[in-house]
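Visitor: Residue-level listing of the chains:
2 protein chains.
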Amino acid sequence: MDSVFSDHRALRPLLLELLNAFGEFGKAEDGGYSRLAASPEEKLARDHLCEWLRAHDFAVLVDPIGNIFGVLDLGEVDTARAFFCGSHLDSQPNGGNYDGCLGVVCACIAALFLKDKIDRDEIKPTFRYYVVVCWTGEEGARFQPSLIGSSVFSGALSLQDAWRLKDSEGVTLKDALAASNYLGADSPPSPDHYLELHIEQGPELEKSGDPVALVEACWGAEKLRVLAKGKAAHTGPTPMDERNNALLAASQLVVYAEEISRRCGETLYSSVGRMELAPNSPNTVVERAELWLEFRSPGEAALSDAVSQFKDCMSAVSGQTGCDLSIVSRESRNITCFDEASISNAECALGASNTGYLKLKTVAGHDAVRLQAICPSTLLFVPSKGGITHSPSEYTADEDVCAGFDAMAVVLASLIARPAGASAFRRST
Amino acid sequence: MDSVFSDHRALRPLLLELLNAFGEFGKAEDGGYSRLAASPEEKLARDHLCEWLRAHDFAVLVDPIGNIFGVLDLGEVDTARAFFCGSHLDSQPNGGNYDGCLGVVCACIAALFLKDKIDRDEIKPTFRYYVVVCWTGEEGARFQPSLIGSSVFSGALSLQDAWRLKDSEGVTLKDALAASNYLGADSPPSPDHYLELHIEQGPELEKSGDPVALVEACWGAEKLRVLAKGKAAHTGPTPMDERNNALLAASQLVVYAEEISRRCGETLYSSVGRMELAPNSPNTVVERAELWLEFRSPGEAALSDAVSQFKDCMSAVSGQTGCDLSIVSRESRNITCFDEASISNAECALGASNTGYLKLKTVAGHDAVRLQAICPSTLLFVPSKGGITHSPSEYTADEDVCAGFDAMAVVLASLIARPAGASAFRRST
Numbered sequence: 311m312d313s314v315f316s317d318h319r320a321l322r323p324l325l326l327e328l329l330n331a332f333g334e335f336g337k338a339e340d341g342g343y344s345r346l347a348a349s350p351e352e353k354l355a356r357d358h359l360c361e362w363l364r365a366h367d368f369a370v371l372v373d374p375i376g377n378i379f380g381v382l383d384l385g386e387v388d389t390a391r392a393f394f395c396g397s398h399l400d401s402q403p404n405g406g407n408y409d410g411c412l413g414v415v416c417a418c419i420a421a422l423f424l425k426d427k428i429d430r431d432e433i434k435p436t437f438r439y440y441v442v443v444c445w446t447g448e449e450g451a452r453f454q455p456s457l458i459g460s461s462v463f464s465g466a467l468s469l470q471d472a473w474r475l476k477d478s479e480g481v482t483l484k485d486a487l488a489a490s491n492y493l494g495a496d497s498p499p500s501p502d503h504y505l506e507l508h509i510e511q512g513p514e515l516e517k518s519g520d521p522v523a524l525v526e527a528c529w530g531a532e533k534l535r536v537l538a539k540g541k542a543a544h545t546g547p548t549p550m551d552e553r554n555n556a557l558l559a560a561s562q563l564v565v566y567a568e569e570i571s572r573r574c575g576e577t578l579y580s581s582v583g584r585m586e587l588a589p590n591s592p593n594t595v596v597e598r599a600e601l602w603l604e605f606r607s608p609g610e611a612a613l614s615d616a617v618s619q620f621k622d623c624m625s626a627v628s629g630q631t632g633c634d635l636s637i638v639s640r641e642s643r644n645i646t647c648f649d650e651a652s653i654s655n656a657e658c659a660l661g662a663s664n665t666g667y668l669k670l671k672t673v674a675g676h677d678a679v680r681l682q683a684i685c686p687s688t689l690l691f692v693p694s695k696g697g698i699t700h701s702p703s704e705y706t707a708d709e710d711v712c713a714g715f716d717a718m719a720v721v722l723a724s725l726i727a728r729p730a731g732a733s734a735f736r737r738s739t
Numbered sequence: 311m312d313s314v315f316s317d318h319r320a321l322r323p324l325l326l327e328l329l330n331a332f333g334e335f336g337k338a339e340d341g342g343y344s345r346l347a348a349s350p351e352e353k354l355a356r357d358h359l360c361e362w363l364r365a366h367d368f369a370v371l372v373d374p375i376g377n378i379f380g381v382l383d384l385g386e387v388d389t390a391r392a393f394f395c396g397s398h399l400d401s402q403p404n405g406g407n408y409d410g411c412l413g414v415v416c417a418c419i420a421a422l423f424l425k426d427k428i429d430r431d432e433i434k435p436t437f438r439y440y441v442v443v444c445w446t447g448e449e450g451a452r453f454q455p456s457l458i459g460s461s462v463f464s465g466a467l468s469l470q471d472a473w474r475l476k477d478s479e480g481v482t483l484k485d486a487l488a489a490s491n492y493l494g495a496d497s498p499p500s501p502d503h504y505l506e507l508h509i510e511q512g513p514e515l516e517k518s519g520d521p522v523a524l525v526e527a528c529w530g531a532e533k534l535r536v537l538a539k540g541k542a543a544h545t546g547p548t549p550m551d552e553r554n555n556a557l558l559a560a561s562q563l564v565v566y567a568e569e570i571s572r573r574c575g576e577t578l579y580s581s582v583g584r585m586e587l588a589p590n591s592p593n594t595v596v597e598r599a600e601l602w603l604e605f606r607s608p609g610e611a612a613l614s615d616a617v618s619q620f621k622d623c624m625s626a627v628s629g630q631t632g633c634d635l636s637i638v639s640r641e642s643r644n645i646t647c648f649d650e651a652s653i654s655n656a657e658c659a660l661g662a663s664n665t666g667y668l669k670l671k672t673v674a675g676h677d678a679v680r681l682q683a684i685c686p687s688t689l690l691f692v693p694s695k696g697g698i699t700h701s702p703s704e705y706t707a708d709e710d711v712c713a714g715f716d717a718m719a720v721v722l723a724s725l726i727a728r729p730a731g732a733s734a735f736r737r738s739t
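For the protein sequence lines, the chains are B and Z, in the order given.
For any residue, its number in the working numbering is found by taking its place in the first sequence, counting from 1, and adding 310.
For any residue, its number in the working numbering is found by taking its place in the second sequence, counting from 1, and adding 310.
Simulated from the structure, these hints should not be mistaken for lab results.
Where hints are given, some of them may not hold.
Derived DSS-like pairs (lysine-lysine); straight-line CA-CA distance at most 25 Å [stated by the list, open to error]:
no.	chain 1	residue 1	chain 2	residue 2
1	B	337	Z	539
2	Z	517	Z	353
3	Z	541	B	671
Make the full structure from the sequences, and use the hints.
Guide: The structure is reproduced here in structure tokens:
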């Protein structure tokens, strides 16, 4: 395999330096990172990105949901097409420095690679603009749902609804963006292709030893926010039969959701990652429990069956506990297939450069899933050690980072230099 | 029935005024009260109590755990005995204004009744001091365990351990007391009798129509803080079998605890009122769940069986979920019987004044339970509407408040004028 680093020796240290530079922001003592969406810690990372972009001749634009666009004019005057490349800088609480951040860093360094290639006349881009993008609130940690910035950009979520989202302290996303100075008013060019590199967050690449995976599709997901309303009462004198215990109801639902996924004949993952209780005081029966439940599956039928079974469980639990149970919100994410023509194109390019690769489906949602709704999109994975993510143990070795960037450069060159008509993608109206 | 209000007409408005005055502190919009232990809201209530005590010739003392003692010298020079009467001013989050507060208010107003009776030579007290007491942190809401101030005072909890208790923000009780200016250094007289009036927090008095209950005993309790440690991971790509989901483990424990109490042949209550999760983010498998579990029963064997069964459940759940489960702390509260001689004495006095009464056991712990370990103690209940408590719906009608005070005055007069040797209580050494 030829490495871009043979030709572009300066890139490797720049790539690792930039990644490490972001590793200064939101770092906790135990090695984890907390750069929650629109937080002061994420602002430091965003500011650093903007400085880097301006220092490298990008025009920096920020839209009303806080997405950052670094626009580089490639000088190709016969087109107004824009090639987007990026990911996100927000993290889970106590997560890692690779999830999202690596994709933004690689998008930045790829611009240097690209400019060099163009200057040497080794690439003739078919796009006018190369746009490094950092999407707002991908993680769904501080604000739910996930993929907020790319959802608003792609039209899946309205700006007004997104602005009104509140964190657990009641702060709206709009206010948080304004406080961090990322409530913009700019409009970037429309994307004609989107490329994203991300850590796999699973074990397949580590097993196969390949430097990169081409993601063919994303599993579907059903995300339900469920509210259990009981009655506050003293945990002492209140007779057991007179209690309406919202935590008991919520706990039964957590157990049932797990059983639904275990019993399913198809592959079905489920999880409750967040639960909020009130008053959450040891001597008071829990009055209110809110839980964030998800089902994920590569099969549509398994998902709809799961939701249907879960609703039956809710009725049963409501009957047993006397609590009022309701689904407060439901987000259904369809199974998404990435642009096939781009995948074929990338396969050819990777094959020609002797780069090994896997073809995978992603279980986790990514901004590329949202972008695929409005332009052909390509999602690449690089290995993550042990598949561990959303954890301080998240890790991708420098060698794997560089090998992944190598493969991305190959794919990028093939996509950006490809004739305009080669994509099978048709923009929906 | 004769009412003390016939003889002491000024007392009724004073009683209701003082109760309503406390109702100004920590009031929420929906009618609930939040006066968490050593909070700014509780400080307002405590300051008001101290002002009232000083205005009525009490010497105000504050001990190192923040207990307030209003000491009134009754002028009985042949003894140094002290009669304590009081309750607590802290509340649950969004609780009511009667739980604790009513007992403090009645203790204050009873002093006026007592002085009047002594001035008229209708009572010859066998105690030198009448001490109104407000105990710190009875509720176990902001700081756990409950009954903190009376536990330290009675020797069941060391001052150092109590000072080190932390709220959910990591603030120590010592620092919170210092911040609210209730970290004192005074030593009050030793109590020779303790009397507490409290709302029943159950439905029995409302059913019987009696104004007061004499509490014979307090149920035993086992309070366990249980920690489930799993592993943070992405709720998407992480295969279900590779997850160690601390919330799943915690939820199974909540369900099992309920089953243990339902299956028990004897009366056994159980509850998990508080659960803390980390990182508590929708897309991350819960790494850490901590739960506050309690069992309560009038039978010692039922309690020890319950804890033993629960430990078996912990082993099973740990095996199923791969989570590490441990009991972080355990507080065993024995069944407590209140001083029998005092109850007999009170029965005679109530009967003589034609006051109807019930004899009950209390399920909830009260400061009187702790005091009974060091002096004969008497706990009286007055009705609480629907038995509802720890809720904004907690309510005792003014008529019931006054009828309860009437009964308390009868009991107080009988206890305070009783010859010193009449109690069956022997102080343990």
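Visitor: Each hint should be assessed against the structure and marked as holding or not.
Guide: Evaluated hints:
no.: 1; hint: 337(B) x 539(Z); in the structure: holds, 23 Å
no.: 2; hint: 517(Z) x 353(Z); in the structure: violated, 36 Å
no.: 3; hint: 541(Z) x 671(B); in the structure: holds, 24 Å
Consistency with the previously given hints fails for number 2 only.
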